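Chains A and B supply the protein sequences, listed in that same order.
Heads up, the final residue of the first sequence is numbered 174 in this note's numbering, and it's a clean run with no missing numbers.
Heads up, the final residue of the second sequence is numbered 350 in this note's numbering, and it's a clean run with no missing numbers.
Simulated from the structure, these hints should not be mistaken for laboratory data.
A hint or two may mislead.
[As the list claims (entries may be wrong)] If the Cβ cut is set under 10 Å, some of the chain B residues that face chain A in the computed set are: (1) Leu70; (2) Thr79; (3) Ile83; (4) Phe84; (5) Ser110; (6) Ser163; (7) Tyr207; (8) Lys219; (9) Phe223; (10) Lys254; (11) Asp257; (12) Pro263; (13) Val266.
This one's a predicted model, so the numbers in the text were calculated from it and none came from an experiment.
All C-beta atoms, glycine included, are put in the ideal place defined by N, C-alpha and C.
One letter stands for each residue in the lines below.
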Amino acid sequence: MMDFGFKLSKSATLDLDRADTGRYERLCALEPDARICMNCGSCSATCTAAPFSGMSLRKVILGLQRGQDVRPMLQGCMLCGKCSMVCPRGINTRHLILTLCRIYD
Amino acid sequence: MKENVVVIGGGVAGMEAARQLLLLGYNPILVEQQDHLGGHVAQWNRLFPDMAPAGDLVRRLWDGITDANIFLETRVTSVNRLKDDYLVMLSNGVSISCRAILIASGFKLFDAARKEEYGYGVYDHVVTNADLESWFNGNESDRIPSAPRSVGFVHCVGSRDLKAGNSQCSKVCCITAVKQAIEMKERFPEARVYCFYMDLRLFGKKYEDFYIRAQQEFGIQFIRGRVSEVGETLDGRLQVKAEDTLSGKPLKVQLDLLVLMAGMSCNPDVAELARMARLDIDSDGFLRSLDNTAGIDVSNRPGIFYAGACTGAKTVPETLGEARSAALDIHRYLQGR
Ligand code: SF4
Ligand code: SF4
Ligand code: SF4
Chain A
70 MMDFGFKLSK SATLDLDRAD TGRYERLCAL EPDARICMNC GSCSATCTAA
120 PFSGMSLRKV ILGLQRGQDV RPMLQGCMLC GKCSMVCPRG INTRHLILTL
170 CRIYD
Chain B
14 MKENVVVIGG GVAGMEAARQ LLLLGYNPIL VEQQDHLGGH VAQWNRLFPD
64 MAPAGDLVRR LWDGITDANI FLETRVTSVN RLKDDYLVML SNGVSISCRA
114 ILIASGFKLF DAARKEEYGY GVYDHVVTNA DLESWFNGNE SDRIPSAPRS
164 VGFVHCVGSR DLKAGNSQCS KVCCITAVKQ AIEMKERFPE ARVYCFYMDL
214 RLFGKKYEDF YIRAQQEFGI QFIRGRVSEV GETLDGRLQV KAEDTLSGKP
264 LKVQLDLLVL MAGMSCNPDV AELARMARLD IDSDGFLRSL DNTAGIDVSN
314 RPGIFYAGAC TGAKTVPETL GEARSAALDI HRYLQGR
């Protein structure tokens with residue numbers, strides 16, 4: 070491609086009207102507790118994989134709500150279950166992650 | 014003869030205080046500018062967290078004050094201190110001599126049109142929390158679409174906003190937004206409902222449960238970010254922009270209805286009252302209590318007491334509680350104790 074000395078950047082704007090939230094809805098149908106996440110970040114703060122892999126369950130749930138592909142993050146999860154111990158909304162986070170993996174399969 | 018106590022303001026604070034003063038053996042004289050009692054609550058449909066009809070509360074309070082002197086569409090024109098008494102003159106020509114006055118002049122709903130970026134008064138489908146309650150009360154409005162696909166709520170409109178001159182949080186609008194979001198979802202189950210918040214301040218009994226229900230049962234989406242701009246599309250929908258601060262990305266969405274959570278600001282009429290009665294005004298424009306911890310109902314003048322939102326944003330139960338304690342403090346003051 071010819072170099073014109075400038076490039077077009079893709080807009081970073083999240084457009085909720087175009088967001089495909091089908092996966093989020095499927096997750097909520099199987100794991101209703103996904104709806105009560107309040108984005109507190111306890112799960113990601115305690116996550117053993119987070120510092121090395123970028124995994125954040127908080128961002129996974131948020132990303133699904135915004136119609137984003139969260140697979141790259143999910144791949145960093147070791148399913149250790151540590152996050153389940155700290156979620157103040159009592160979400161069985163490990164189970165939720167497994168369900169989500171099945172949705173992606 | 015029963016001793017007079019002038020109660021200025023016939024909202025729920027003034028009504029409850031008058032009811033208590035009657036029970037304590039006084040002659041409360043309730044003065045209200047409007048043509049009805051019950052203030053803002055009388056315009057509301059249902060009250061959180063039990064969803065009790067607001068009209069029931071107002072009627073119950075009415076029933077308790079049938080023996081009181083009530084002046085509607087009446088203003089206080091002067092307050093003068095004569096030795097131990099106050100002489101209160103009213104716009105209907107009545108003058109009352111009394112040793113105690115209760116001020117229950119309430120708040121003013123923030124004028125949402127002042128936040129120009131939200132387009133209230135410009136775009137038809139931008140309404141306020143009060144407009145929505147009026148519609149819930151059965152008042153027809155062509156500004157509420159008949160089958161909205163998506164509805165948004167903007168928290169903190171005119172509250173926590175130094176630029177608008179209101180640094181304070183209005184306390185009740187987070188839970189009101191959650192309540193109204195649920196009520197919209199009940200009416201329009203297919204609609205997507207979003208709440209745009211900066212913080213969710215759900216401090217009261219059962220409020221957090223309400224929030225969890227809104228997420229769990231109603232699938233209401235809470236987006237952390239203040240709406241910064243509203244525009245209209247060619248087909249008359251609203252284009253809303255905010256930052257999704259949890260994702261760290263700008264966000265846009267089209268809505269059929271946007272509800273602005275207008276907050277509580279000080280009642281501007283109180284400035285004149287404060288001048289006449291030489292009462293202190295606080296930095297937020299509300300009346301200044303002698304002590305914000307243990308004497309919220311006490312003013313800087315002997316015999317003048319406060320109840321409800323004239324000293325700051327209050328919930329209905331807080332307002333009723335203050336009205337009762339103010340009545341008791343007046344009783345003790347008049348007994349010389
Ligand atoms: S289960 Fe996965 S997300 Fe949870 S703490 Fe372990 S690695 Fe992190
Ligand atoms: S700890 Fe629970 S509530 Fe908090 S962000 Fe993680 S999943 Fe959500
Ligand atoms: S109660 Fe909520 S919406 Fe109302 S001013 Fe406070 S933070 Fe904002």
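Hint validity - B/Leu70 Cβ closer than 10 Å to any chain A Cβ: With a minimum Cβ separation of about 31 Å from chain A (threshold 10 Å), the hint on B/Leu70 is violated.
Chain A contact restraint on B/Lys219 - CB to CB distance below 10 Å: This interface hint is violated because 16 Å lies over the 10 Å limit.
Close enough to count: is the Cβ of B/Ser163 nearer than 10 Å to one in chain A? Holds. Min distance 8 Å.
Holds or violated: is there a CB of chain A closer than 10 Å to the CB of B/Phe84? Given a least distance of 49 Å, the restraint on B/Phe84 is violated.
Can the hint on B/Lys254 be confirmed by a CB-to-CB distance to chain A that is less than 10 Å? Since chain A brings a Cβ to about 8 Å from B/Lys254, closer than 10 Å, the hint holds.
Under 10 Å is the threshold here; is the Cβ of B/Phe223 close enough to any Cβ of chain A for the hint to stand? 13 Å, violated
Given B/Val266 as an interface hint, is its Cβ closer than 10 Å to any Cβ of chain A? Holds, because the Cβ-Cβ distance from B/Val266 to chain A comes to roughly 4 Å (cut-off 10 Å).
Report holds or violated for the interface hint on B/Ile83, using the least CB-CB distance to chain A and a cut-off of 10 Å. Nearest chain A Cβ about 46 Å off; hint violated.
Taking the closest Cβ pair, is B/Asp257 under 10 Å from chain A? 6 Å, holds
Does the closest beta carbon of chain A sit nearer than 10 Å to the beta carbon of B/Tyr207? The hint holds - B/Tyr207 has a Cβ within 10 Å of chain A, the shortest such distance being about 8 Å.
Minimum Cβ distance from B/Pro263 to chain A below 10 Å? Check passed: Cβ of B/Pro263 comes within 5 Å of chain A, closer than 10 Å.
Under the criterion of a CB-CB separation shorter than 10 Å, is B/Thr79 in contact with chain A as hinted? 47 Å, violated
Of the hints listed earlier, those the structure fails to meet are numbers 1, 2, 3, 4, 5, 8, 9, in rising order.
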